[in-house]
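Chain residues, written in single-letter form:
There are 2 protein chains.
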Amino acid sequence: MEERTVKFVLKEVDLPTAWYNIVPDLPVQLDPPLHPKTLEPLKPEDLEPLFPMSLIEQEVTTAPTVDIPGPVLDVYRMWRPTPLYRARRLEAALGTPARIYYKYEGVSPVGSHKPNTAIAQAYYNKIAGVRRLSTETGAGQWGSALSMACAQFGLDCLVYMVRVSYDLKPHRRSLMRLYGADVIPSPSPTTEAGRAVLEKDPSSPGSLGIAISEAVEVAVKDHGTKYSLGSVLNHVLLHQTVIGLEAMKQMEMAGDTPDYVVACCGGGSNFGGLAFPFLRDILTSRSQDGPEGGLSERPHGLPETNRAGNPESHQVRRHPTIIAVEPAACPTLTKGKYAYDFGDTVGLAPVIKMHTLGHRFIPASIHAGGLRYHGVSPLISILLEHGLIEARAVKQLGVFEAATLFAKTEGILPAPESAHAIRAAADLALEAKEKGEERCILFGLSGHGHFDLASYELYQSSRLQDYAHPEAELERALSELPKVQGQMS
Amino acid sequence: MEERTVKFVLKEVDLPTAWYNIVPDLPVQLDPPLHPKTLEPLKPEDLEPLFPMSLIEQEVTTAPTVDIPGPVLDVYRMWRPTPLYRARRLEAALGTPARIYYKYEGVSPVGSHKPNTAIAQAYYNKIAGVRRLSTETGAGQWGSALSMACAQFGLDCLVYMVRVSYDLKPHRRSLMRLYGADVIPSPSPTTEAGRAVLEKDPSSPGSLGIAISEAVEVAVKDHGTKYSLGSVLNHVLLHQTVIGLEAMKQMEMAGDTPDYVVACCGGGSNFGGLAFPFLRDILTSRSQDGPEGGLSERPHGLPETNRAGNPESHQVRRHPTIIAVEPAACPTLTKGKYAYDFGDTVGLAPVIKMHTLGHRFIPASIHAGGLRYHGVSPLISILLEHGLIEARAVKQLGVFEAATLFAKTEGILPAPESAHAIRAAADLALEAKEKGEERCILFGLSGHGHFDLASYELYQSSRLQDYAHPEAELERALSELPKVQGQMS
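Sequence lines, in order, name chains A and B.
Positions in the first sequence are counted from 1; adding 3 to them yields my numbering.
Positions in the second sequence are counted from 1; adding 3 to them yields my numbering.
One or more hints might be untrue.
As the list makes no split between identical chains, a pair holds if one copy fits it or if it spans any two.
[As the list claims (entries may be wrong)] Result set (DSS-like, lysine-lysine): computed pairs, CA atoms no more than 25 Å apart in a straight line:
#1 K10 x K252
#2 K203 x K224
#3 K398 x K172
#4 K14 x K252
#5 K340 x K40
#6 K398 x K438
#7 K486 x K338
#8 K46 x K486
#9 K436 x K10
#10 K203 x K40
#11 K398 x K338
#12 K340 x K486
Worth flagging that the hints you see were computed from the coordinates, not collected in a lab.
Input sequences plus hints: build the corresponding full structure.
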């Protein structure tokens, strides 16, 4: 019979008990976040209205690891450890000599990786005596994860959902309400930020940036409410490292070592979660070369041609190439600027140094809502800036084509976000075929697509298209960065 | 902190390697299926146009077990063994002394238990040289499982989908097409059966019975096409016994023994899959009492009051009470007649002895499409008839209420079908609370509800209602049973 997908399952005892903190291993220190009003470096206490002190500490800690609390592990265990698969049927369909593996996070109750941090954030807020969490959501992946987490820890949950999604994508809205959350379409009359937008445009479709402004405002004004963010921040990516920590053990079980680690990247929580543990080796072996050891030099420095076929090259400790995949319609890493910018549209959220398309940039309506954000995690930006990771942008139709092939061969319907990684992994595998070269590719399958069938329906009926923003539009959005001292805009 | 859900995970080596066949353990022989035209007992060769010989043999075998072929196990391993959970948070919310466990099948790629037989059927057809499988589907659970299975084994797949679902529930239709299936709204002009219906009513919304007629007709007429059914038949329930076989091992891991085994029941594949392995002990201990050992006597014969608190009762080997849960709007087991009836509407499918509401019965449009079938598996009917299992009917609003509580406490959003079992399990747990009695309850959670959020949305906005068919309507449908010799209609 044909080749079959192979699953690698960890024992429960192999569930990681500490998250990996990449901060102390970075080649340089992160630029500090700035206060949105003063543009002066933020002090930890400036964040207190938004987050409990335990999470603020995680945001700035330089400890190499952070222990995962028992109650968080207890909830993780409902679906973790998650499986890792060897995609033998996809390999066969592509006719590639490459070995392809994927780590699957769609087995969580809400079908994505988001609960890895939602559960942790709900827990830390609960023990800090917080009554309610406020957050924003686009299509609803993050909102449903946080709603579920709040239900698990007996917290109230208030979700500002981008109005266009609220109206057109009612399913995840229903899911959040089932978990007990209050879901409000944004912009809303419940906040100053929302009212200001509605005054200018009463029929505003909303945006993630506006919804963030509303959720932040509620947390600032209401003593019992804190704010929760599903990506971008250091502590969020920290929590997601369970993905990569498990994947490393599973690759060991498989007796294989990835040459490429590939994940889709919006705000960066999925990418960071899978990639950071694989970067640890790269970063620590670099630092042994001394602090000046070639910041701009690629650490995965062996030439491609040395990688395959040559038995000697297998003696050398190889580092994987780490690739962040983003939509061509929201090319933050590939076309954005590395600069200080607001995290939200209105300018209430901290100003952070990151790759950004400008906080006023409105990405095209592609069907990977989770990847439509103007910025990206500062941690990922600094890694890209120092050549420690690569970034690729892929187009929508190619993404859906890869997703369809994946469903047929591997059986799992991927979320459109996750399918960006499939597209890039397939391209690497096809390149290997062309070069007649062995390769080991690991990618992150961050969620299933059971909520996204309306998008697949559009694809099947040829009603989707590729979209790239004109350069002039990108330039215009980038001209509106905040005037931070020393920053050229 | 609060109580936490506990997961029991089998090792991969504990994946069952043989299905359990309940047929040889039945108290009496099954009445033979009849030919739909002659109403004479069917010969195995009469089924050859529909099924490959290997599956016909499984339909009639009296072997105690049937080995699971390696290639089927290889695909099962993509998501099996599935988890079993102790619902500690649900218990706490109900304030019950009962211990509640659930076996979760929603981790399969299509989110339900259906692939357990779809994979097996696709495999046996593939090795028999079949080119294409035809089938019917209502809301699409079965159609998507078979489409996925056909993609895994390189078979074509033709799905007749009830038109009203095809038009109103496009999501699973898209999913089937993603897996490569041809999906045709039924009734269709592609078959005589479909044309006959359309002639009378060009805007017919269709029904599962009509769609079966169409799929069967194609298999009969096209040499390379065989037919595949997702429930009711002996070999289908056989394949599903992996669920109960795993659950028994997991209850052992938990160190507990169920007093109640509860599952929702439409055609019966989910119920049979979980319950049959637990019935084996009951049936074989009965047969040791001699063949006449009280066919109508309940085997779970210890009085309720002996079950808890009394240490002596724990010395006695207790048998669980097995409960099939159906919708009050389609009360096949609780209000149907045990009689010969057609499996489909038009009268092309075999005539089988079962509990039935009459093959012309059209159940109300409840939001558990998988439970809207006029009949039930003959295996389940005979067990009910001999008092070896019990049946309960539950109403829609209570089902959605239980589903919502389950999502909030256990985190998993259940399919509305599966939520029928939750409702019944919760009722048993509340009864235990009232009586101040310990109990161990195991129920089957056959699938997740990520495809069913439109139904939950209706529930949330109070647009769902309970429905029970008037007795006169039930009587009228039952007056149209086929005139089989010796059958009083």
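Results of checking the hints against the structure:
1. K10 x K252: both (13 Å within a copy, 21 Å between copies)
2. K203 x K224: within (23 Å within a copy, 65 Å between copies)
3. K398 x K172: within (23 Å within a copy, 29 Å between copies)
4. K14 x K252: Result: close both inside a copy and across copies, 11 Å intra and 17 Å inter.
5. K340 x K40: The answer is within: 22 Å in one copy meets 25 Å, while 75 Å across copies does not.
6. K398 x K438: Classified as within: same-chain Cα gap 24 Å, cross-chain 62 Å, threshold 25 Å.
7. K486 x K338: Answer is within; shortest intra-copy Cα gap is 20 Å, inter-copy 75 Å.
8. K46 x K486: This pair counts as within: shortest intra-copy Cα distance 20 Å, inter-copy 85 Å.
9. K436 x K10: within (24 Å within a copy, 42 Å between copies)
10. K203 x K40: within (22 Å within a copy, 72 Å between copies)
11. K398 x K338: For K398 and K338, the Cα distance is within 25 Å only inside one copy (14 Å; across copies 56 Å).
12. K340 x K486: within (14 Å within a copy, 79 Å between copies)
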